[in-house]
Amino acid sequence: MLKSAAVVFSCLLCCMLLVAAISSVVVFLYHHYYLRPHEMIVVDFRALSEAKLSQMVEDSRNGHPASATDIKKFIGQLHQVITEEAGQRPVYLAGAVFNPSTNLTSRVAARLSIDLGKAGSKTLPAMADRVAQSVQQKKTSPSTDISNPAQSE
393 MLKSAAVVFS
403 CLLCCMLLVA
413 AISSVVVFLY
423 HHYYLRPHEM
433 IVVDFRALSE
443 AKLSQMVEDS
453 RNGHPASATD
463 IKKFIGQLHQ
473 VITEEAGQRP
483 VYLAGAVFNP
493 STNLTSRVAA
503 RLSIDLGKAG
513 SKTLPAMADR
523 VAQSVQQKKT
533 SPSTDISNPA
543 QSE
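Count the sequence shown with my numbering and you get residues 393 to 545, in order.
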């Protein structure tokens, strides 16, 4: 009787371990394959467009004017590269999304040979640079202690 109870108990224990292992695999697959497509992917379309247009303006000043087909070709390549980089995940093309899961702007720019330094001042990289500069300035400026009013005067 005791032997059969031990066998039943060990079988139940094995079944519980098997269920726990299967459930952990299911949770992993759910998080990795189901939730991953819904992460927030951002491409700063404005930065890429402004930088490319700046390059086209420079090229036209150097005697290589851009045509309408060049612009259409760039837009087609841009959408193709963004689609390839993002996979099946939805992409936000606006520059107003903060704390994205992934920012593909620099990878797309590298694949299309775009210098993001030529983009305007309202793009995500430019805003990030301004924030970093202001944080750096605050770190280097002398701090005042608000608990001691005589020091702040």
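Worth double-checking, as some hints may not be accurate.
[Said to hold, decoys possible] Derived EDC-like pairs: lysine to aspartate or glutamate, alpha-carbon spacing no greater than 20 Å straight-line:
(1) LYS464 x GLU476
(2) LYS464 x GLU442
(3) LYS510 x GLU442
(4) LYS510 x GLU476
(5) LYS465 x ASP507
(6) LYS465 x ASP451
(7) LYS464 x GLU450
(8) LYS465 x GLU442
[Stated by the list, open to error] Here are the in silico distance ranges between beta carbons for each label pair:
(9) ARG481 x CYS407: 21 to 27 Å
(10) TYR484 x SER446: 19 to 25 Å
(11) GLN469 x MET408: 39 to 45 Å
(12) ALA413 x ILE467: 45 to 51 Å
(13) LEU409 x ILE467: 37 to 43 Å
The hints are simulated quantities; they were obtained by calculation from the structure and are not laboratory data. Just so it is clear, the structure is predicted and the values come from calculations on it, not from any experiment. Idealized CB from N, CA, C, for every residue including glycine.
* Asked: Does GLU476 lie within 20 Å of LYS464 when you go C-alpha to C-alpha?
  -> 18 Å, holds
* Note whether the CB distance of TYR484 and SER446 lies within 19 to 25 Å or breaks it. => Holds, at about 23 Å.
* Given the hint that LYS465 pairs with GLU442, does the C-alpha gap stay at or below 20 Å? -> At roughly 15 Å apart (the allowed maximum being 20 Å), GLU442 and LYS465 satisfy the hint.
* To do: Could you grab the alpha-carbon distance between LYS510 and GLU476 and see if it respects the 20 Å cut-off?
  => Roughly 24 Å between the alpha carbons, so the hint for LYS510 and GLU476 is violated.
* Asked: Is LYS465 close enough to ASP507, meaning Cα to Cα at most 20 Å?
  -> Within the cut-off at roughly 18 Å; holds.
* Pair hint LYS464 and GLU442, alpha-carbon separation not exceeding 20 Å -> 15 Å, holds
* To do: Below or equal to 20 Å on CA atoms is what counts here, so check LYS464 against GLU450.
  => OK: LYS464 and GLU450 at ~18 Å, within 20 Å.
* Asked: Does 45 to 51 Å hold as the CB distance between ALA413 and ILE467, or does it fail?
  -> 49 Å, holds
* Taken at face value, is the distance from the CA of ASP451 to the CA of LYS465 at most 20 Å? -> Status holds; Cα separation ~16 Å.
* Cβ separation of ARG481 and CYS407, checked against the hinted range 21 to 27 Å -> For CYS407 against ARG481, whose Cβ atoms are near 38 Å apart, the range 21 to 27 Å is violated.
* Cβ separation of LEU409 and ILE467, checked against the hinted range 37 to 43 Å -> For ILE467 against LEU409, whose Cβ atoms are near 55 Å apart, the range 37 to 43 Å is violated.
* Asked: Within a Cα-Cα threshold of 20 Å, do LYS510 and GLU442 meet the stated pairing?
  -> 7 Å, holds
Figure legend: structure checked against the earlier numbered hints; hints not met, in rising order: 4, 9, 11 and 13.
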